[in-house]
Structure formats: C-alpha cells, structure tokens
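**Q** Dock chain B against chain A, hints included.
As you go down the protein sequences, you meet chains A and B in turn. The opening position of the first sequence corresponds to residue 1 in the numbering used here, with each subsequent residue numbered one higher. The opening position of the second sequence corresponds to residue 350 in the numbering used here, with each subsequent residue numbered one higher.
Heads up, a few of these hints could be off.
As the list claims (entries may be wrong) - Straight-line Cα separation of at most 25 Å, BS3-like style, residue types lysine-lysine; simulated pairs: (1) B/K397 - A/K98; (2) A/K37 - A/K271; (3) A/K228 - B/K456; (4) A/K224 - B/K383; (5) A/K168 - A/K249; (6) A/K228 - B/K417; (7) B/K431 - B/K454; (8) B/K431 - A/K226; (9) A/K267 - A/K226; (10) A/K98 - B/K417; (11) B/K454 - A/K226; (12) A/K271 - A/K168; (13) A/K249 - A/K228; (14) A/K264 - B/K383; (15) A/K345 - A/K267; (16) B/K383 - A/K228; (17) B/K383 - A/K271; (18) A/K22 - A/K3.
To be clear, the hints were calculated from the coordinates, so they are not data collected in a lab.
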Amino acid sequence: MDKYFTRMGDGSGVYMSAEEIKEDILQGVKDAADRGKIPELTAEEMDYIFEIVTMPGNIVGVERGREVVNTSDSGSCKMTYHANIAMERSTSVLVSEKVLGADSVDIGNMDYSYKAVKQIVHNETPVMELAQLNAVMPVLYGSMPNLGLYTKPDGPVDNWSELLPMAKIDEARAAQEEAVEHAVRDMVFVAGEMYAAGADGINLDTCGASGDADYLASLLATEKIKEKYPNLGVEFGAAGEFVLGMHGKLEYEGTRIAGLYPHKQVKLAEKAGANIFGPVVNTNTSNSFPWNLARTVTFIKACSEVAEIPLHINVGMGVGGVPMTEIPPVDAVTRADKALIEIGKADGL
Amino acid sequence: MGDPFSLEVAHTLSSCMSGIRTAGDLVLRMQLAKSMRIDEAKKYVAEKLGVEPIDLSDSDRMFEIRKKLNLGRPFDLNRAPKGIEAKINIARVLGITINSVELFKEKTGF
Numbered sequence: 001m002d003k004y005f006t007r008m009g010d011g012s013g014v015y016m017s018a019e020e021i022k023e024d025i026l027q028g029v030k031d032a033a034d035r036g037k038i039p040e041l042t043a044e045e046m047d048y049i050f051e052i053v054t055m056p057g058n059i060v061g062v063e064r065g066r067e068v069v070n071t072s073d074s075g076s077c078k079m080t081y082h083a084n085i086a087m088e089r090s091t092s093v094l095v096s097e098k099v100l101g102a103d104s105v106d107i108g109n110m111d112y113s114y115k116a117v118k119q120i121v122h123n124e125t126p127v128m129e130l131a132q133l134n135a136v137m138p139v140l141y142g143s144m145p146n147l148g149l150y151t152k153p154d155g156p157v158d159n160w161s162e163l164l165p166m167a168k169i170d171e172a173r174a175a176q177e178e179a180v181e182h183a184v185r186d187m188v189f190v191a192g193e194m195y196a197a198g199a200d201g202i203n204l205d206t207c208g209a210s211g212d213a214d215y216l217a218s219l220l221a222t223e224k225i226k227e228k229y230p231n232l233g234v235e236f237g238a239a240g241e242f243v244l245g246m247h248g249k250l251e252y253e254g255t256r257i258a259g260l261y262p263h264k265q266v267k268l269a270e271k272a273g274a275n276i277f278g279p280v281v282n283t284n285t286s287n288s289f290p291w292n293l294a295r296t297v298t299f300i301k302a303c304s305e306v307a308e309i310p311l312h313i314n315v316g317m318g319v320g321g322v323p324m325t326e327i328p329p330v331d332a333v334t335r336a337d338k339a340l341i342e343i344g345k346a347d348g349l
Numbered sequence: 350m351g352d353p354f355s356l357e358v359a360h361t362l363s364s365c366m367s368g369i370r371t372a373g374d375l376v377l378r379m380q381l382a383k384s385m386r387i388d389e390a391k392k393y394v395a396e397k398l399g400v401e402p403i404d405l406s407d408s409d410r411m412f413e414i415r416k417k418l419n420l421g422r423p424f425d426l427n428r429a430p431k432g433i434e435a436k437i438n439i440a441r442v443l444g445i446t447i448n449s450v451e452l453f454k455e456k457t458g459f
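Here chain A stands alone, though its shape is the one from the complex (with noise of 0.2 Å):
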C-alpha cells in the first residue's frame, strides 16, 4: 500500500495511507463542526484537502491570482531580539518590505504588552517614525492586551487565578472587571501616540489570552481607538479558537463573550469597528497534519462565509493547521496557506 509522508500536529513526520488520510480529514472535519455547530465541509472540499496533503513537492502554492496579504504579530522583533541580529528595529522594517517580500509589518517591544508599552511609550514613537518616513506599506503598531499583567503583585487588581481556586467566584469577576478599565485605557493611550507618530495602525495581538475580560477589553479598546482615531485601522487578532470564560458573565452588545467560535468571535470585532479580524483555530499536537488541517479549515469556511472584514488567518506555530513546533516545516506551513485561501476564502494571513 503506498503511504505519503505528511506529518503530527507536533511537527514531526509521519507515513500515512491514502485511507488513513482521509479517515483522518474528516474526523478533522467532524471535530469542528460539532464543536463549532457549524456545516462541514463538502466532500468536494474533502477531497482537495487530500489533493493538497499529498501533493508531489515541498512546497504547494495558491492559484495565480489567488494571493493574498499578510500582516504579523510582532515582525520587526524577530529579526532583532528573537534572532538576535544587531538591527534596529525600523532597519528590520525595511529588510521585511525590499528583502522579504513582506505586505505590511508591525513594530513591537520587546516585552510585547501595552501595559510594559504605556511606560516607554516616548521611546517606541521615533522608532515608528523613522520607519515610517522610510518605508513604502503599511507599518502598524503591535502589542498584547496580557490582561494577567495587572494582578498583583505586578498590577493593581488582585489575582483571578488565586481567587477561583478559593472558590472567591464574585471577587474574581470584580478583579477581571477592574483589570478590564485600566487595559482599555492603555491601549487606547498607545493607540494615540502611535497614530500620533505615523502609525498606519495598531495590532492588538492575542485577544482574549486571559479569557473573556481579555477579549472584552480589547472589544471596548477597538470602539473607542476608532471613535477617537477615525483613520487608525485596527487588526483584532484573536488568542484562541474559543474565548476562555475566565469570568463567564461578561457581554459584549448583548453576546456572551466566554465560548465563542471564530464565526461569532469576527461578529463582536466588527461590531467593535475592527478594520481585520485574525482568527485563531489551535494545533492539536497528538493528531495528525491532514487532521488539524482539515479542521482549521472548517472553522475558518465558517468564518468567512459570515464575516464582513477580511480575515487574516493566524499560521504561525501551533495554530491555522501549522505544527505546534518553532521551526515549523515549509511542506505544512504552504499546504496550510493554500487549503486556507482556496477552500477557507481567507483574505489575508
């Protein structure tokens, strides 16, 4: 029987029989739906994802005409503090734009989270203005909500995950609720100096890492960064492929925020004002490639087919179908990128 090399969820490979990629697909695609209570996808679209798993080459690519653009979540630190390659950080900009091809890039810190940013704000501005004078597309501002960042003993609210363990259920809601005000008016803060210093817009990355409070307050952030900087665009990109309910009662416009799925997660950022949502569906590490994704690909058809503003689907380790490892392998991350675009009609990655 042949067998086709694909790989785990965790990155390392695997040989699989035609049937057992299949099998695989579309209990991928079953976990979605039943957990989503969305539609699976059709046995046409089934069938792609195969075509598309077991593609001769390393590497497979969308259609002509069928590219789309990216943004990122923190790309100009990469190269400088995670690679470690002496650059400022409005040169790696430029390397992004004229070496790598890259549609836009945001500027981060190295301690990517708007509560660190708020205090060192004066000094990431001219690193945002230079890159702005210099550069061509569009450059945006990225950071994270990190709503745990305001628990003491770092933050002034007190800690949700001390308190829900001691069964103090209505301390830690207020303690969420609190931490809530003090991350709106951060992001809303960084938000102004950033377009006060050119930004083209501002990233508010892994919405929703501290559950629903998180979410929330990046929901509110959205609203009042639009009302106040009409022309700042704003990336909303989700943490997760559902909101965590940390506190469980929090709503945004009359939704329950805890448990909510890509298709509904796009439906509060749009009504937030968000220019570009970025949905998150996770790796499963213990399944197989052809199983996350078929899986992702599931949630993210769902997505699109109701969302209003275009979707840059989340693909780095560990999410949107690509291995949870941190070199993640070219033959998975371009199977990923083509079953996304040509069957998921995300606009962007």
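**A** Relative to chain A, chain B alone:
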C-alpha cells in the same frame, strides 16, 4: 500571519502578494483603511492602476507600473521616490488618507 518567526518566506512564496515587489502593500492599505475583503480590495486597486486584478501579483508588470506612477519599489532606486515620497503618490493614486503623509505635510508646512 500571526507570529512570523521563520515562516515569512514560506508564506510569501506560497500564497502572498509580495508587498512592494507587486501591489501587495496597496491591497493591504485598502483592507486596513476600508475593511475591504481581498477580492474587493484587489478590484479597487486594479481600477486605480488601470490593470486587471490578476496583474497585481505579477512582479514584472507591477515593477513597470510602480515605476511609471512613482509608487516606490524595492530596487532600481536611483532618483526614484522613496518612503514617504512614494506614499504621497500612493495616497493620491488610491484616493485614500495615509496617516504618515498627513503628518509629514503638517510638519513640513505643505
């Protein structure tokens, strides 16, 4: 794309427009400024540049168009508009407001 570490080149080769090598930056500007989905954004930019949407990802075609309209490009930069200069032209050609262009005008007494 989310976290781009070690993935940028793979995404660009596989499925992205390639920024100022083509018209990727212009299409993204329409998404960011007007929340246009990909087909609508490409159609808008193509009409403004006088080409078909499929031409927008063709680096050979776009190099000449960007050169003619002074929209900035990665190479062949002798006497060509760069950075903010190119963006002033982009704002005019696309009919949009670019924040940094407005600030530049304000700071330089345009």
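**Q** All hints are to be evaluated individually against the structure, with a verdict given for each.
**A** Right, here's what the structure says about each hint:
| no. | hint | in the structure |
| --- | --- | --- |
| 1 | B/K397 - A/K98 | holds (23 Å) |
| 2 | A/K37 - A/K271 | holds (22 Å) |
| 3 | A/K228 - B/K456 | holds (21 Å) |
| 4 | A/K224 - B/K383 | holds (18 Å) |
| 5 | A/K168 - A/K249 | holds (15 Å) |
| 6 | A/K228 - B/K417 | violated (37 Å) |
| 7 | B/K431 - B/K454 | holds (16 Å) |
| 8 | B/K431 - A/K226 | violated (29 Å) |
| 9 | A/K267 - A/K226 | holds (16 Å) |
| 10 | A/K98 - B/K417 | holds (19 Å) |
| 11 | B/K454 - A/K226 | holds (23 Å) |
| 12 | A/K271 - A/K168 | violated (33 Å) |
| 13 | A/K249 - A/K228 | violated (28 Å) |
| 14 | A/K264 - B/K383 | holds (21 Å) |
| 15 | A/K345 - A/K267 | holds (17 Å) |
| 16 | B/K383 - A/K228 | holds (17 Å) |
| 17 | B/K383 - A/K271 | holds (15 Å) |
| 18 | A/K22 - A/K3 | holds (12 Å) |
Violated hints, listed in ascending order, are 6, 8, 12, 13; each of the other numbered hints is respected by the structure.
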